[in-house]
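Asker: All the letters of the sequence shown, read from the start, carry residue numbers 1 to 56 under full-length UniProt numbering.
A hint or two may mislead.
As the list claims (entries may be wrong) - In silico PhoX-like pairs for lysine-lysine, Cα to Cα no more than 20 Å straight-line:
no., residue 1, residue 2
1, K47, K3
2, K7, K47
3, K7, K18
4, K31, K18
5, K30, K18
What the hints assert, rightly or not - Here are the in silico distance ranges between beta carbons for each label pair:
no., residue 1, residue 2, range
6, K47, K18, 18 to 24 Å
7, K30, T52, 29 to 35 Å
8, I21, T52, 28 to 34 Å
Please keep in mind that the hints were generated in silico from the structure rather than gathered at the bench.
All values derive from a computational prediction rather than experimental measurement.
Just so you know, even glycine gets a beta-carbon here, dropped at the ideal spot from N, CA and C.
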Amino acid sequence: MAKRELKFSKKILIERTKYRISLGLFPSSKKLLVFNLIINIISIMLKYYNLTLFLI
Numbered sequence: 001m002a003k004r005e006l007k008f009s010k011k012i013l014i015e016r017t018k019y020r021i022s023l024g025l026f027p028s029s030k031k032l033l034v035f036n037l038i039i040n041i042i043s044i045m046l047k048y049y050n051l052t053l054f055l056i
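Work out the full structure, taking the sequences as your base and the hints as a guide.
Answerer: What follows is the structure in structure tokens.
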């Protein structure tokens with residue numbers, strides 16, 4: 001299960017890098033800002049989820 005989580009967070013890292021690159025190309029895009037916000041929320045949730053796993 002931990003391996004799966006790691007793969008998922010790697011995916012998020014890749015998506016965030018893609019977002020940063022595209023933001024550099026289209027800084028006015030509101031869709032990308034919303035997309036980044038969603039990714040940030042997911043990554044924060046994952047971090048919290050991983051912490052709770054360690055506490056249990």
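Asker: Confirm or reject each hint.
Answerer: Against the structure, the hints:
For a cut-off of 20 Å, the pair hint linking K47 to K3 stands: about 14 Å separates their Cα positions. For the hint pairing K7 with K47, the CA-to-CA distance comes to about 13 Å; that is within 20 Å, so the pair holds. Restraint check: the Cα-Cα separation between K7 and K18 comes to about 17 Å, which is no more than 20 Å; the hinted pair holds. Taking the CA atoms of K31 and K18, the gap is near 14 Å; set against the 20 Å cutoff, the hint holds.
For the given pair, K30 sits about 15 Å from K18 by alpha-carbon distance, which is consistent with the 20 Å threshold. Checked against the hint of 18 to 24 Å, the C-beta distance between K47 and K18 comes to roughly 20 Å, which is consistent with it. Restraint check, K30 to T52: a C-beta distance of roughly 33 Å satisfies the suggested window 29 to 35 Å. The hint said 28 to 34 Å for the Cβ distance between I21 and T52, and at roughly 33 Å that hint holds.
Every hint, counting from the list given before, is met by this structure.
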